[in-house]
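Engineer: Sequence:
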Amino acid sequence: MVLVLIVSMMVNLAAILAIIILYLRQNRLFQMEENMHANTENIENLLTAFLVEMKEDNGRLKAALVEKADVGQISKEEGAAALSAEEKERVLPENSRENFLLLQALRLKGQGNTVEQIAKVMGRGKTEIELLIKMNE
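At position 60 of the sequence shown the residue is numbered 60 (my numbering), and the sequence of numbers has no breaks.
Derived from the structure by calculation, the hints contain no laboratory data.
Heads up, simulated EDC-like pairs for lysine to aspartate or glutamate below, C-alpha to C-alpha not over 16 Å straight-line:
| # | residue 1 | residue 2 |
| --- | --- | --- |
| 1 | K134 | E98 |
| 2 | K134 | E116 |
| 3 | K109 | E128 |
| 4 | K120 | E130 |
| 5 | K126 | E116 |
| 6 | K109 | E130 |
Please put together the full structure from these sequences, using the hints given.
Structural biologist: This is how it looks when you write it as structure tokens:
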């Protein structure tokens with residue numbers, strides 16, 4: 001009888017301990033959920049503020065472009081000069097290493113490789129390869 005009583009007490013203590021552990025875990029889960037909601041609200045507020053700022057910047061840019069268009073437009077000669085200057089900038093890089101990288105990237109692109117594959121083969125970043133190809137197309 002005493003043995004049954006001791007076993008019963010041990011089982012009760014184990015059950016109480018398990019209940020306490022589960023209660024603590026649940027409280028931590030609720031706290032994490034509250035933190036997540038607070039972080040989500042902060043992110044939403046930041047994105048909203050950023051969007052408003054972008055809209056204001058776009059409005060200012062639009063107004064500046066309209067004002068510039070009213071003041072005067074670029075003549076065809078100036079536009080042609082700007083185009084030829086831009087084409088001169090697109091000439092192959094002077095550095096032989098850069099030239100080699102460009103040629104290798106263009107060769108791999110010509111073989112039908114994707115930008116990711118080219119970047120992996122050349123040991124460069126994906127964005128770097130994209131820019132290299134776009135600047136020299």
